[in-house]
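Trainee: Chains as they are written, first to last, in the working numbering: chain A, 1 to 428; chain B, 1 to 428.
In case anyone wonders, no lab produced these hints; they're calculated from the structure. Errors might be hidden in some of the hints.
One copy or two, it doesn't matter: identical chains are merged, so the pair holds either way.
To be verified - Derived lysine-lysine pairs resembling DSBU-like cross-links, with alpha carbons at most 35 Å apart:
{"hint": "1", "residue 1": "224", "residue 2": "120"}
{"hint": "2", "residue 1": "343", "residue 2": "365"}
{"hint": "3", "residue 1": "120", "residue 2": "3"}
{"hint": "4", "residue 1": "104", "residue 2": "365"}
{"hint": "5", "residue 1": "37", "residue 2": "104"}
{"hint": "6", "residue 1": "37", "residue 2": "3"}
{"hint": "7", "residue 1": "120", "residue 2": "104"}
{"hint": "8", "residue 1": "343", "residue 2": "3"}
{"hint": "9", "residue 1": "120", "residue 2": "365"}
There are 2 protein chains.
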Amino acid sequence: MSKQVQVALLLTGNELMSGDTVDSNSSRIALALGAHKIGVGKKITVGDDPTLLSDSLMDLCASADVVIINGGLGPTEDDLTAELVAEVAGQALANHPSAIEHLKAWCERRGLELNASNLKQALLPEGADLVANPIGSAVGFALEVNGALVITTPGVPVELTAMLPEICDRVASRVGGGTVFIRRLQTFGIGESTIQELVNARTDDWPNGVTLGFRSGLPQLELKLQVDDASLLDNRDEAENLLHELIGDHIIGYDDEQLAMSLQRALLDRQMSVTAAESCTGGLIASLITREAGSSQVFGSGFVTYSNTAKSSVLSVPEASLAQYGAVSEPVVLAMLAGALEKSGADIGIAVSGIAGPGGGSDDKPVGTVWMAWGTTAHHRAIRLQVPGSRERFQILVAAIGLDIMRRQVLELPPIPHYIQRFIHRAS
Amino acid sequence: MSKQVQVALLLTGNELMSGDTVDSNSSRIALALGAHKIGVGKKITVGDDPTLLSDSLMDLCASADVVIINGGLGPTEDDLTAELVAEVAGQALANHPSAIEHLKAWCERRGLELNASNLKQALLPEGADLVANPIGSAVGFALEVNGALVITTPGVPVELTAMLPEICDRVASRVGGGTVFIRRLQTFGIGESTIQELVNARTDDWPNGVTLGFRSGLPQLELKLQVDDASLLDNRDEAENLLHELIGDHIIGYDDEQLAMSLQRALLDRQMSVTAAESCTGGLIASLITREAGSSQVFGSGFVTYSNTAKSSVLSVPEASLAQYGAVSEPVVLAMLAGALEKSGADIGIAVSGIAGPGGGSDDKPVGTVWMAWGTTAHHRAIRLQVPGSRERFQILVAAIGLDIMRRQVLELPPIPHYIQRFIHRAS
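Isolated chain A (complex conformation) (with noise of 0.2 Å):
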């Protein structure tokens, strides 16, 4: 009889019910799974309860053909999994030979006694078959229960993620599966209602059997283009091709690639360095530029100049100009950007000058006003900006326009992008 799911999931553990954890592990199950076109159907989460653990145990054995226990592998007290499944299976708890030994190879690599309560973790269900820890103590288990599938997982993230592609391997084998091909695209500036009307819009060019995902951040949104079979990958190609074609000068890069992990290629390409002074964002950006490694080949030195009084004594902005048009200005933002090209004796560089909040704004530069110049010394611009939000959401968004920008200038891109436009100041 064919199963309600293919995969369910039980989460246990009290820091998962009070709150004071977020369950991140389940995603990352799912996620390697669905790489296996494995489907996780239903997911229970319960504290460390016997009655609450065994109802729900029994309750996915009976809907699903795999059912996945993450938590209470430890060697403590209310690490209750292996009692739960030999109590549902109506098998024993014995001593386990195999990870009797795991416990004491990984005791004897850390030079530790092994114990009583490391040797707990060793008592599992009679006919349980080993997974696998390559990390930690504690060892997984797989057995059947009540008809279906029952693999134990261990709650430390490195460790569970150490074991998922056994754990795929044996959910595959029962469930079948297969393998989908994502291609992971980091994009910027631009909404995900935007592209989906770009692309609805060309639909006739959309080619057969290729799914398109959205995956939203702050500041990046990451787009996945999926085809579930090997013969569709030129499809795939194509659709990147037409996103390409719509919106490339929004796409920053594959799989994880930061805005400023971009700038930094492109910079390498042209054997270009960089800088920033930063008054508002106060070190973000070259945080973020620093963040990433290889950054010494590109970048040298950058300036936090928070003060007037440090824009003055460090970057060389005339006193003057702070006096006339505020440190918030044109004048003011072009003059970092000269001041710290000539310090840094980088190629390009941003200058950013604004007002975060959540004090400090003004009926004429309100908080979320920000000037930014940006460019080489022959050739820059200086752009007003209005950014709202919190604080901490106007720094990450200017400085990744920051960023941005840069990179537009450096692969020659159009350099005010589409996404500016919301952002730009109207005199009223």
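With chain A fixed as given, assemble chain B onto it according to the hints.
Mentor: Only chain B this time, still in chain A's reference frame:
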């Protein structure tokens, strides 16, 4: 008959099953209810599948006094929650006049026409009682279903958060409840097990009725002191005093306070200002300081000197020191500190130079090596640390240690905290 659990959650949406979205809404709901002494006992998560949804809702109505449904209230075809509840309750769907009023007002505020897809959001089960959504277009509702109180809530986190006070009141009037009194303390540089051991050694002094909880993050560890009755508030203060006695120099503040904010308060109290000269942290320290509102009162400028050239030209580090000792050395961080203090005019500063990796290490100075100098022109010192882990973790920990070390100097706390021992480099 009493139910198995007080409150159960039904979380809906395909994005929760595919792994693309990590569910944080159930944590928001549980934390809000927890503050009213109401526990969430069980959660079921399913995709937008009518059969799974109705089976799950029936199951939860049978086992819980209150069932809160999250998601599926929007205007699209995938949004099935109103139909689901109507079906399980055996009620027809009907236009709800107050919901239409809400939608009209919502559209009017945005200058939008009320269209058919929005109007779908006013089609609710007969007898449903509106739960106000102060932010979004989707109203929630409450309805008796098979002996349980079912409350529906939107998936958009800010809308859910805005509705939680009313929801908590409704749940409390159904299942009872109360108030728990939680004080949260942020700590840095000490682990959960060390704190627990220190507290265990003083069991006799630990006041009755106070629960100590932990919530770990990077780089901070949160402590929660909880009592269940207002009469125990003095005991909570006593427990806090004991913690101050045991680990006071590690306690940086209440609620969500970050190290940078704690440093800002300490500096403000003494009318002092701060600067940073950063190589391996690349602007992260300045960025953390300026992330906090009010930072302009204590921070004027910071310097990101990533290259050797920048260390010399911007901070006047002698080229001879760089050549003789290398960029990651005591003479160089001391010179960086002196340069930053002079250029910025700040009272206290931090200078860091290290090897964040993954490349750039040597036998002599492996990846993770960092030299840190901090203090005033008159009182400063330097230390060599070895900070293991990824590039990201290295930068986060080095920046946090830098902020904490300055906080300690400003507050006249022990200058080299206990935790630094873990990281101190020992010549072999």
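Trainee: For every hint, state whether the structure bears it out.
Mentor: Tested hints:
no.: 1; hint: 224 with 120; verdict: between (43 Å within a copy, 30 Å between copies)
no.: 2; hint: 343 with 365; verdict: both (29 Å within a copy, 29 Å between copies)
no.: 3; hint: 120 with 3; verdict: both (34 Å within a copy, 33 Å between copies)
no.: 4; hint: 104 with 365; verdict: between (66 Å within a copy, 33 Å between copies)
no.: 5; hint: 37 with 104; verdict: neither (37 Å within a copy, 43 Å between copies)
no.: 6; hint: 37 with 3; verdict: within (17 Å within a copy, 38 Å between copies)
no.: 7; hint: 120 with 104; verdict: within (13 Å within a copy, 62 Å between copies)
no.: 8; hint: 343 with 3; verdict: neither (68 Å within a copy, 71 Å between copies)
no.: 9; hint: 120 with 365; verdict: neither (65 Å within a copy, 41 Å between copies)
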